[in-house]
Each structure stands twice: as C-alpha cells, then as structure tokens.
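Protein chains in written order, with this note's numbering: chain W, 1 to 377; chain L, 1 to 84.
What the hints contain is simulated information worked out from the structure, not anything from laboratory work.
Since the structure is predicted, the reported quantities are computational estimates derived from the model, not experimental observations.
Any given hint could be a false lead.
As the list claims (entries may be wrong) - Here are some chain W residues the structure puts well away from chain L; computed CB gaps all over 12 Å:
| no. | residue |
| --- | --- |
| 1 | Pro32 |
| 2 | Ala113 |
| 3 | Gly140 |
| 4 | Arg149 |
| 5 | Trp185 |
| 6 | Gly221 |
| 7 | Gly245 |
| 8 | Asp280 |
| 9 | Asp286 |
| 10 | Trp291 |
| 11 | Glu306 |
| 12 | Ala350 |
To be verified - Pairwise CB distance ranges, derived in the manner of DEER restraints:
| no. | chain 1 | residue 1 | chain 2 | residue 2 | range |
| --- | --- | --- | --- | --- | --- |
| 13 | W | Arg224 | L | Asp45 | 34 to 40 Å |
| 14 | L | Phe73 | W | Glu316 | 31 to 37 Å |
| 15 | W | Glu206 | L | Gln34 | 47 to 53 Å |
Said to hold, decoys possible - One-sided and incomplete, this derived list gives chain W residues near chain L with beta-carbon spacing under 10 Å:
| no. | residue |
| --- | --- |
| 16 | Trp21 |
| 17 | Ala22 |
| 18 | Ala64 |
| 19 | Asp65 |
| 20 | Leu66 |
| 21 | Val68 |
| 22 | Val69 |
| 23 | Gly95 |
| 24 | Ile96 |
| 25 | His97 |
| 26 | Gln99 |
| 27 | Arg121 |
| 28 | Ser122 |
| 29 | Leu159 |
| 30 | Glu188 |
Note that CB positions come from ideal geometry on N, CA and C, so glycine has one too.
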Amino acid sequence: MTEVVTGVSGVTRDSGVQPPWALLAELSHGCPLHCAYCSNPTELVGRSEELTTAQWAEVFRQAADLGVVQSHLSGGEPLLRRDLTGIVAAADGAGIHTQLVTSGVGLHEKRLAALTAAGLRSVQLSVQHADPRASELIAGARSFAAKERAARLVRDAELPLGLNVVLHRANLDAVDDLVELGLAWGAERIELANTQFYGWALRNREALMPDREQIARAREGVERWRGRLAGRMELVWVVPDYIDGTAKPCMGGWGALSLTVAPDGTVYPCPAAAALPGLDAPNVKDHRLEWIWRESKTFNLYRGEEWMGDPCRGCELRTKDFGGCRCQAYALTGDATRTDPACHLSPDHALVRDLVDRPRLPGPMVAPAYAYRKEGP
Amino acid sequence: MTWRPVLSRSVVFRHDRVRGADLLVLPERVVVLQGNAGSIVRLCDGVRDVDAIVAELAERHPGAPVAEEVPVFLGRLRKEGWLK
Ligand code: SF4
Ligand code: SF4
Chain W
1 MTEVVTGVSG VTRDSGVQPP WALLAELSHG CPLHCAYCSN PTELVGRSEE
51 LTTAQWAEVF RQAADLGVVQ SHLSGGEPLL RRDLTGIVAA ADGAGIHTQL
101 VTSGVGLHEK RLAALTAAGL RSVQLSVQHA DPRASELIAG ARSFAAKERA
151 ARLVRDAELP LGLNVVLHRA NLDAVDDLVE LGLAWGAERI ELANTQFYGW
201 ALRNREALMP DREQIARARE GVERWRGRLA GRMELVWVVP DYIDGTAKPC
251 MGGWGALSLT VAPDGTVYPC PAAAALPGLD APNVKDHRLE WIWRESKTFN
301 LYRGEEWMGD PCRGCELRTK DFGGCRCQAY ALTGDATRTD PACHLSPDHA
351 LVRDLVDRPR LPGPMVAPAY AYRKEGP
Chain L
1 MTWRPVLSRS VVFRHDRVRG ADLLVLPERV VVLQGNAGSI VRLCDGVRDV
51 DAIVAELAER HPGAPVAEEV PVFLGRLRKE GWLK
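From just these sequences and the hints, can you work out the full model?
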C-alpha cells in the first residue's frame, strides 16, 4: 500500500485528475503456493496470456511519464517470470522504485544478485505463520525453509526486507512469534494485515474469520511490541474492517493514488476490482496508460464523490475513507455503489456483524477446511 | 562521534519531473519534500557532517536561519528512520 506524506504547499497542480504515484504489477498469477487467503481473483489469468518483457517495459515507461514513482512487482509469484531481471531493469531505467513482493520460493543467490544489479530496491516476503508446519498448512505447500533462506539472502544482499503476514483465525494468536521471527530474520518492517475478503479469501471467509477476542488479544500484543521495537523495526497493523466496523480507505480512493496491471495487461484501479461487473477494464495492449488513468470509464466510475449515496454523501469522513471499498460493497450487497457494509453507519452493516458474530467452533482451527487456490486449466 | 547524515538504504531520493518536486521514495511510502528540503537532503552524503552541511547552506542562502533550522530538520528525518 502506498501512503503519500505531503505538506500543504509545494506540490501545486491544476485541478482535475492527479497523477498516480504507484503501480502494482501482477507479473504472473502463477504461484507455487496456494494460500487460502489469497486476494487474487478466483479467475486467474493463465500463463500463456501474460504480457511479454517488452510489453512490461513499455508499461513502466508510460507509467513513469504519467507520474508513477514506485512499483510493487507482485503476482502470484513474480519469480516465476524468467525475465524478471529484465522487467526490473526496465522499471528502474524508467526511474521507478521497485519492490519485489514474493513468497520467497525460487529466490536463489544468483537470481537475487542479478535482480539487485538490475536495480531492485527492496523485497517484501510473505509469511504465513512463525511455525513451519502451521505455515505450510496455510500455504498449502512446502515453503517455510525457502522463505527462511530467502530472508537470509535478502539480508546478505543488504536490501531492505519487509515481511507481510496476512492475519486470520489460524495465525492471529501467533503475533508474538511472528514479530520475533521478523527480528530473527532481520526484517526492517512487518506488516500484519488482517485478511481482506476478496478473491480466494472471500471464498474461504468462513474458515478465515477470526473472533473478536482473538483480534483484541492480537491488537494488545502489537501495542506491546510497538513500544519495545521503537526505532528497530516498523510494525504495521492493517485493521480488520469487518470487526472494527470502520470502512478502510481502499487504495487511497478509486483512481487516486495507484493502478494495478494484471498479468495479461488489463488495468484496474484495485487488485480486487476484477470481480466487479460492468467494469469493462481497459488493457495496455489497446490503450495508452495515460488515457486509461485519466479518461477511461473504469477509472472514473467511482472517482471523487459523485457516485456516493447516503450515508456517505453527507458524512464528514468521506474525504478520509472515500466511502470504503467498492469491491466489498458489491461482494456483500450486489451493488458496488452502496456504502461499504464494513462501516457501522452503513444500512447493510448487519450483514457484516452477522458474519463476525456467527457462532463457531471454539479454539483455533487445527485443520481448517480451506479451498486452496488452484490455477485454472 | 560526529553525525554524517546519509539516507537509509530503503530510501531513494529523487526529483519528480512530473510534479516538479523532490521526493523520498520508500518501499511503502512516498514523502514529498517541501521548499528547500531537497537541497538539504542532497548534501546528506555520509561524508559531510552536520556543521559542514549548515556551513554550505549558509553560504548559499546568506541571512537565512540555516543554523537553527537545518539541524532540527535533519533530526526529524533521522527520527523517522530516513536518515542515519
Ligand atoms: S497469497 Fe499465497 S497463493 Fe496468493 S499469490 Fe501470495 S503466495 Fe501465492
Ligand atoms: S458513512 Fe461512508 S464516509 Fe461515513 S464513515 Fe461510513 S463509509 Fe465512511
């Protein structure tokens, strides 16, 4: 997630659409892992439909011209792209900061050296659990040793390392262990991100949903660590919007800060947006990125406040949370223009409350019934 | 030990030609530098100490309160973890 810290003066722009800051490049939907919480769409893009190296290079050139300064090279697993080094070089050559977002599987010393030489600036490693067995159960694949090795390689290469942990029912009780793992692995930053229910995670919501006490305990744990870690490691807590009853400022607003390019070149305002009906998302193969960002129907659909209905329209928080997430509104109500039901002011909030407070078997799940993500035909 | 400020390895300093601003780009964050902040950061090369940075800026901006403001600014960036 990109956050822009800025003062009031300095950056003056004519009114109208502001340029984007960041680009999420989903280089491939292929992945050696099968995480049940994966936010990739349930309709994954096949490998044969992926953009070529030259097409990605062109995407980064156009993105830089448009104002993008930062990119997350993600997937799926970006390391599945054999031409990753070339893609990194193209992004860096265009002046765009690159962070690799990886499961760690497939990161070897030579590979990392080549990526670093090509201009890679930072690595974010996904972690499922601090316990190897639990980790592999969540990921649906052998992967813990590979992650440990990847972390060591990144540290040895003197690249900044961040860990990203998606939190849910089966690992929320391990916050202490996860922070200690981050310290042991030399991470500069850990993002503890409560599951966002999109794509595969939405399908697995029942198995992933934590209960309120679990969240409260984890939150306390994070607070305790914050004091102790000050200056040593940054600890980010991405709130569980279902449980908190607050809408999250999804992507910093629709078409406001960042764009997502899917493996086949389709461009979305948000990685979850592929699930929205009638979006008619444009593709870099047919249009220039500038037109896509400024002019396309897709990027203007929920830009600004015009589309808002009640209660968002008259709510003071609308400039902070932008009425929440459109994909979530659609997933829960069937209408993408409604207030995000995660918000306690939404007339649909009972939907979310019922999901959270539905009685469940006590205790952490030992072998949850995950629908592991699978690649298509 | 005298402090010779230098950007942390996760921070990239660059000029943004589209917005006409100096930026610090971090893995998850972009910081837009206001006013002359960019010209101060440009001197943080790990060789100059704070006194040298102040002296150089004072020469460039005679009469400006660099001796008071620059160390405070550098301290703030250090506290954020952007300078070390
Ligand atoms: S969440 Fe898991 S399955 Fe999905 S892309 Fe990341 S590592 Fe792969
Ligand atoms: S009503 Fe809309 S704008 Fe107000 S807090 Fe809820 S989601 Fe945000």
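How the hints compare with the structure:
no.	hint	verdict
1	Pro32	holds (23 Å)
2	Ala113	holds (16 Å)
3	Gly140	holds (27 Å)
4	Arg149	holds (21 Å)
5	Trp185	holds (16 Å)
6	Gly221	holds (22 Å)
7	Gly245	holds (25 Å)
8	Asp280	holds (27 Å)
9	Asp286	holds (24 Å)
10	Trp291	holds (16 Å)
11	Glu306	holds (25 Å)
12	Ala350	holds (34 Å)
13	W:Arg224 / L:Asp45: 34 to 40 Å	holds (38 Å)
14	L:Phe73 / W:Glu316: 31 to 37 Å	holds (33 Å)
15	W:Glu206 / L:Gln34: 47 to 53 Å	holds (48 Å)
16	Trp21	holds (5 Å)
17	Ala22	holds (8 Å)
18	Ala64	holds (8 Å)
19	Asp65	holds (7 Å)
20	Leu66	holds (7 Å)
21	Val68	holds (9 Å)
22	Val69	holds (5 Å)
23	Gly95	holds (7 Å)
24	Ile96	holds (9 Å)
25	His97	holds (4 Å)
26	Gln99	holds (5 Å)
27	Arg121	holds (6 Å)
28	Ser122	holds (4 Å)
29	Leu159	holds (8 Å)
30	Glu188	holds (6 Å)
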